[in-house]
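Asks: From first to last, the protein sequence lines are chains A, B and C. For the first sequence, numbering that gives the first Met the number 0 begins at 0 and goes up steadily by one. For the second sequence, numbering that gives the first Met the number 0 begins at 0 and goes up steadily by one. For the third sequence, numbering that gives the first Met the number 0 begins at 0 and goes up steadily by one.
These are computed hints drawn from the structure, not numbers from a lab. Among the hints, erroneous ones may be present.
As the list claims (entries may be wrong) - Computed list of lysine-lysine pairs in BS3-like fashion (alpha-carbon distance at most 30 angstroms, straight line): (1) C:16 / A:17; (2) C:104 / A:194; (3) C:92 / B:28; (4) A:17 / C:92.
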Amino acid sequence: MGKRIGLEVSLSAAEAVKMANVDCIAAYPITPQTHIVEHLSELVNNGELDAEFIPVESEHSAMSVSAGVSAVGGRAFTCTSSQGLSLMNEIVHIVASMRLPVVMILANRSMSGPISIWNDHTDVMSIRDCGWIQVFANNGQEVFDHVLFGYKVAEHQDVMLPLIINIDGFILTHVIEPIEFWEKEQVEQYLPDFKPIYTLHPDRPVTMGGVGMPYIFSEAKVAQDEPLKLSKSIIISAWKELGDIVGRYYSPIETYRSDDAETLFITQGSYGETVSLVVDELRDEGKSVGLVMDRLWRPFPFDEFREATGQAKNLIVIDRAISYGGQGGPLAIDLRSVLYKEKNQPHIINFICGLAGRDVTIDDFKNMYHKAMEKVKKHPREEDFEYYGVRGK
Amino acid sequence: MTKTRQDLAWQELEIGATLITPGNSDEYKSGDWRSIRPVVDNKKCIKCGTCYVFCPDAAIYETEEGFFEADLYYCKGCGICANECPTQAIEMVEEEE
Amino acid sequence: MEIVEPTNVYAYKLITKKDYFAPGHRACQGCAEALAVRLVAKALGRNAIVASATGCMEIISSPMPFTSWRVPWIHVAFENAAAVASGAEAGMKVLMRKGRVPKKKITFLAMAGDGGTSDIGVQALSGALERGHDFIYICYDNEAYMNTGIQRSSSTPYGASTTTSPAGKVIPGQITWKKNMPEIAAAHNISYVATACPSYPIDLVEKVKKAARLTGPAYVHILSVCPTGWRLPPELSIKAGRLAVETGVFPLYEVEHGRYRFTGKIERLRPVKEYLKIQGRFRHLSEEMIDTIQKRVVEEYEKLNKKVEMTEGDK
């Protein structure tokens with residue numbers, strides 16, 4: 000077991016990147032990701048990490064540089080938040096199509112406008128369909144573990160896809176948590192060297208990024224989607240192997256007191272830990288409540304969700320993003336279609352809350368539970384959703 | 000021979016749609032584009048290689064005797080070689096049907 | 000060492016017969032930009048890695064499943080050729096340092112058109128030049144967004160008619176002067192800046208080779224005559240390039256560590272009319288506009304001359 004210290008989560012993320020022995024870090028500072036890149040530049044400049052730190056002039060270039068690094072066979076790392084993610088949007092899609100296994104930490108922050116530096120999931124939801132593997136980390140230790148997991152899965156010969164680790168901005172990035180470092184031997188055991196299939200090298204010239212003529216484009220897209228779907232089994236075994244080495248086991252979804260629950264909270268990200276306390280309090284009051292926390296967002300864990308919600312009557316889905324003009328938040332929208340043909344069709348009560356860092360307390364969640372119980376009595380249409388806690392009616 | 004349109008299944012694409020046969024555009028008959036073609040008068044040719052250097056399509060090659068000829072598989076009939084030849088040894092001639 | 004185009008035509012035999020840019024590409028007949036790419040590929044040889052922006056050369060050379068590239072080549076997007084090349088260069092540096100790839104001299108090339116350089120790509124270019132990556136950036140300047148249908152760019156010369164700066168009854172074509180990208184590159188104080196034209200192939204090849212030899216960023220700006228977009232017969236592509244140089248519209252020069260030098264100074268500039276009149280995109284020009292162009296060309300040539308004197312580049 001490596002050292003266990005209290006450390007700001009951003010710094011521990013940087014330390015994990017160092018342990019992963021990356022070759023290049025190309026990032027542009029944006030609140031609340033800044034401490035990650037600052038610490039990485041310190042590690043490089045102090046000679047603790049043998050890598051190139053490339054202070055790019057924009058996020059678009061951050062992802063472009065990372066693509067170049069990955070294409071020659073280097074292990075690339077970048078990180079950003081909301082506006083930076085939007086700016087690099089086209090390259091995010093392209094990197095997935097080119098099967099370049101870049102790992103990115105996304106310090107979740109609200110998408111403008113109005114401009115906001117605070118935490119919600121509108122940024123990660125804006126790239127829901129981009130083709131990257133997407134996971135949520137819910138506390139500091141998970142962030143550390145998932146950097147190493149990220150490269151292991153992304154660089155797997157049968158995967159070769161870029162991967163995003165979502166961490167809630169400020170709520171995680173700027174808090175000090177107990178972090179258990181890995182031992183160097185554990186990393187060596189878990190994470191092999193990057194062995195790409197093709198690289199840019201004069202000894203074997205290849206052409207990457209050719210024109211997708213109409214008669215070939217669709218085949219290229221299927222060739223991209225299939226490995227993403229198939230990566231789920233590799234993701235699960237990578238988590239198992241991680242657990243076998245450091246004793247912490249992760250899975251696509253995690254449940255808490257959900258087996259016999261009539262009503263389930265569904266969360267993504269760091270809210271999960273808060274809601275687990277809510278579940279305890281409500282249970283003490285005799286309510287039949289449980290919690291399902293989603294960790295794997297893409298590829299979507301269909302089977303696991305269906306199994307976890309198989310007995311529930313009500314799902315209280317906590318979304319921290321909106322589909323304007325649509326049926327509420329992206330998590331609820333996805334869940335409705337996942338459960339569409341199931342024999343058991345729970346009510347889906349969708350709350351949009353915690354936008355741009357607005358605090359959602361235990362009492363707020365309990366309030367949502369009571370509101371949900373009222374709503375189901377009235378049999379609302381499923382696409383109804385509520386912006387929780389917004390002033391003005 | 001590179002597989003093309005009707006033949007390539009998605010499983011046959013290389014990872015990331017990478018193309019692994021360098022320069023395989025040389026299978027494409029760009030010579031189909033032309034309506035005039037260069038004809039060299041070797042009596043005037045001074046074997047300088049000007050036509051070779053200025054061809055955008057690398058469609059001119061040096062023969063064993065050191066003269067230069069257009070590779071009609073690729074030649075698009077742009078006429079640059081005829082225009083640049085210092086001894087006007089090249090004439091652009093209409094392609095008959 | 001001065002690089003001048005020798006008048007002895009047999010000098011062309013000095014250019015290697017190896018081609019790293021294969022025939023069968025889909026460039027227009029008479030495309031001088033394709034010729035420039037071919038010559039650059041000859042200059043760099045097999046130990047090169049190319050990052051290309053979206054544009055004419057990218058489209059015509061990589062229609063899946065065909066590729067004209069016999070060296071490693073990557074295309075990501077339109078405005079980031081310099082950034083992708085930066086990443087490839089930095090990545091390879093680390094891999095060689097860590098011993099994962101055997102040490103060897105590889106030249107990194109970023110290539111883009113004038114659109115991907117002076118407009119949408121100028122940010123990534125500036126960043127890469129400032130960070131000092133050891134690479135060559137080549138701008139193939141055909142003076143408009145040719146690939147998407149001849150729309151104007153900031154490299155379109157004054158008076159030229161393009162599809163978004165058409166010669167109309169009220170506004171006669173492009174009304175701003177061509178952006179001086181070589182000077183912008185030179186302002187970054189990089190090792191080497193040069194202008195070149197495929198009508199002078201030996202000059203072009205030597206400059207690219209020099210750029211590859213020098214460490215640090217190098218910028219080469221290549222005037223690429225486009226018969227399709229400039230509206231001239233394809234066989235005149237090389238002649239048009241020559242006229243651009245001989246009239247002073249596109250002077251051939253280099254800036255090595257800040258010292259300016261003409262490579263082939265034209266002692267008596269030809270009148271610009273000779274260059275303009277063979278191109279359909281200038282067909283509408285009034286005498287007044289031609290006069291304006293003539294005066295400005297001479298002015299810019301003089302400015303360049305003064306820079307040569309000031310930096311003692313000739314010594």
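Asks: Hints first: check each against the structure and report whether it holds.
Replies: Hints, one by one, checked against the model:
1. C:16 / A:17: violated (48 angstroms)
2. C:104 / A:194: With a Cα-Cα distance of about 22 angstroms, the restraint between residue 104 (chain C) and residue 194 (chain A) holds, given a limit of 30 angstroms.
3. C:92 / B:28: violated (40 angstroms)
4. A:17 / C:92: OK: residue 17 (chain A) and residue 92 (chain C) at ~18 angstroms, within 30 angstroms.
In the structure shown, a violation is registered for the earlier hints numbered 1 and 3, in ascending order.
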